[in-house]
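The listed protein sequences correspond, in order, to chains A and B.
For what it's worth, full-length UniProt numbering labels the leading residue of the first sequence as 1, then goes sequentially.
For what it's worth, full-length UniProt numbering labels the leading residue of the second sequence as 1, then goes sequentially.
Hint data in this document are derived by calculation from the structure and do not stem from the laboratory.
Check before you lean on any hint, since a few could be wrong.
Covered stretches of chain A, going by a simulated chain B footprint (3 or more residues, C-beta under 8 Å) [to be verified]:
id	segment
1	5-16
2	36-43
3	94-105
Simulated DEER-style distance windows between Cβ atoms [stated by the list, open to error]:
id	chain 1	residue 1	chain 2	residue 2	range
4	A	T30	B	F94	16 to 22 Å
5	A	V40	B	T30	42 to 48 Å
6	A	A99	B	D54	50 to 56 Å
7	B	A64	A	A44	45 to 51 Å
8	B	D33	A	D19	38 to 44 Å
9	A	P68	B	D54	33 to 39 Å
10	B	R66	A	V40	28 to 34 Å
11	B	E72	A	P68	22 to 28 Å
12	A	E91	B	P37	22 to 28 Å
What you are looking at is a predicted structure, and each value in this text was computed from that prediction instead of being measured.
Glycine included, every Cβ here is placed at the ideal spot set by N, Cα and C.
Number of protein chains: 2
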Amino acid sequence: MTDQLSRVFAALADPTRRDMVARLTEADHTVNDLAAPYDVSLQAVSKHLKVLEDAGLVSRTREAQRRPVHLEAEVFDLMTKWIERYRRQAEERFAALDAVLARMQDEESAGTTTQHPEGTAS
Amino acid sequence: MTDQLSRVFAALADPTRRDMVARLTEADHTVNDLAAPYDVSLQAVSKHLKVLEDAGLVSRTREAQRRPVHLEAEVFDLMTKWIERYRRQAEERFAALDAVLARMQDEESAGTTTQHPEGTAS
DNA sequence: GCCTTGTTCAACCAGATGGTTGACAACCTC
DNA sequence: GAGGTTGTCAACCATCTGGTTGAACAAGGC
């Protein structure tokens, strides 16, 4: 799992980390700050932050003893680009399929052998 | 990791699974079909498919001995909704921050005590 | 009924992940 | 410099993950 896209997806696969990211969209936070709502050790939170940092989702600077955590929102684009690309491709394909089905339906009701009346079908 | 959003992110955190999804946007595939390009056992691919299925990203039907795999593209929306929500929130915050900084810069150059000439600052 | 094709289940293994506790580094304050 | 704050590093542990192999199951084809 070396590529960044994988790391970003993996980082967001954890609810705690997603919650951290959500909170970081509102303001920068220190580690203690971030850890407060969760019922885990500070060290565990520090580990989560490392995962987010390795994925490029956050950055940390130094400010006296504190290490404020800052969201790097541009990384979201990596994901949305991937998702949108394949979503579009899938939608085009499904649209084409629907068109084919509709044409088949038309041909059937303009029809050859079938004997159901045309108005009752849902 | 019980919630679906986590499962979807986790499912796409693997390059092999992302590639499968990408190929499934073009056409449905059987398991054998899907497995062909990868240098792993059929069983491993079957496991990957289980992960994708549990995440709701694909569905499988039966067709003679075959088990065609079909992409369920709507699940993408789950992710894009999450991402877009927080991306927007982050962008708004950063924009507000930029505005504050700009105002501070204005006030400074319109200036009280500072004695640098107004036109040289980048 | 039996063989072939397509797929999954079960058991196992190495390595990653998420958590813990304890030590310690870096920095402010007194 | 002693002492409190803030945060990380190291070692350890249980569980999950992605892979393997071998056996089993399901649905036709013959």
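These are the hints, each one checked on the structure:
A stretch counts as covered by a chain when three or more of its residues have a beta carbon under 8 Å from one of that chain; for the segment 5-16 of chain A and chain B the count is 9, and the coverage holds. Given as covered by chain B, the segment 36-43 of chain A fails the check, having 0 residues with a CB less than 8 Å from a CB of that chain where 3 are the minimum. Proximity of the segment 94-105 of chain A to chain B, defined as three or more residues with a beta carbon under 8 Å from a beta carbon of that chain, is not established by the 1 residues found. Checked against the hint of 16 to 22 Å, the pair T30 (chain A) and F94 (chain B) passes, with Cβ atoms roughly 19 Å apart.
Checked against the hint of 42 to 48 Å, the C-beta distance between V40 (chain A) and T30 (chain B) comes to roughly 43 Å, which is consistent with it. The supplied range of 50 to 56 Å is broken by A99 (chain A) and D54 (chain B), whose beta-carbon atoms lie about 32 Å from each other. Checked against the hint of 45 to 51 Å, the C-beta distance between A64 (chain B) and A44 (chain A) comes to roughly 50 Å, which is consistent with it. Look at D33 (chain B) against D19 (chain A): about 39 Å separates their beta carbons, and that is inside 38 to 44 Å.
Hint check: P68 (chain A) to D54 (chain B), Cβ distance near 37 Å, so the stated range 33 to 39 Å holds. In this structure the supplied range 28 to 34 Å is violated for R66 (chain B) paired with V40 (chain A), their Cβ-Cβ distance being about 46 Å. Look at E72 (chain B) against P68 (chain A): about 40 Å separates their beta carbons, and that is not inside 22 to 28 Å. Checked against the given bound of 22 to 28 Å, the beta carbons of E91 (chain A) and P37 (chain B), roughly 24 Å apart, stay inside it.
In this structure, the earlier hints numbered 2, 3, 6, 10 and 11 are contradicted, and the remaining ones agree with it.
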